[in-house]
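Chemist: Sequence:
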Amino acid sequence: MFNFFGKKHIKRRQKLAMQRPMTSLLERDILAISDELEYDYQNWVAAYVDRQHKASFDGGMTTSYRAISISDGALFWLVTHVEKKFAYHSEKLDPLDAVRDAERAWIDRKAVRRQWHKVEEQARDLLMGRV
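When you read off a place in the sequence shown, starting at 1, and then add 883, the result is the number in our numbering.
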């Protein structure tokens, strides 16, 4: 197998591979250079995601995937919901805590969307120098 990744990427992928439970060290070494760790870019965050290291909730409606940021090497849970367009990045340690974190953020996002006209008005006032 050829190594097509730079040193930074290999270090990130190795760190993510070490997070997968019930996996031998040899399997983790192989995982770090395999196609199983997918490149993902959501909400301005470039990351590697381990789609096999996951926890599902709500009958499979919400899923937390273990991931790592390419830019700074921060581990996080990428929380997806089948009815949500955008995933949520949570730095919580537990996948259930990450889901709770995401649910709060999605509620807050919905509240902001309801008031979007005020956001646009404030932006116009800032651009025009009125505020």
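Any given hint could turn out to be false.
Said to hold, decoys possible - Derived lysine-lysine pairs resembling DSBU-like cross-links, with alpha carbons at most 35 Å apart:
#1 K937 with K967
#2 K891 with K968
#3 K1001 with K891
#4 K1001 with K975
#5 K937 with K894
#6 K890 with K1001
#7 K1001 with K894
#8 K937 with K1001
#9 K1001 with K898
Stated by the list, open to error - Listed next, with one range per pair, are the computed distances between beta-carbon atoms:
#10 D977 with R911: 16 to 26 Å
#11 H892 with K967: 25 to 35 Å
#12 L1010 with K937: 23 to 33 Å
#13 Q925 with K1001: 34 to 44 Å
#14 H1000 with E921: 29 to 39 Å
#15 H1000 with W927: 44 to 54 Å
#16 D923 with R987: 20 to 30 Å
#17 S917 with L1010: 44 to 54 Å
#18 K1001 with M905: 42 to 52 Å
#19 D912 with R992: 32 to 42 Å
#20 D977 with L1009: 33 to 43 Å
#21 D977 with K1001: 41 to 51 Å
#22 L976 with R1013: 17 to 27 Å
#23 G942 with E921: 35 to 45 Å
Simulated from the structure, these hints should not be mistaken for laboratory data. Even for Gly, the Cβ is constructed at its ideal location relative to N, Cα and C.
Chemist: Hints the structure violates: just list their numbers, smallest first.
Modeler: 3, 6, 7, 8, 9, 12, 13, 15, 21, 22, 23
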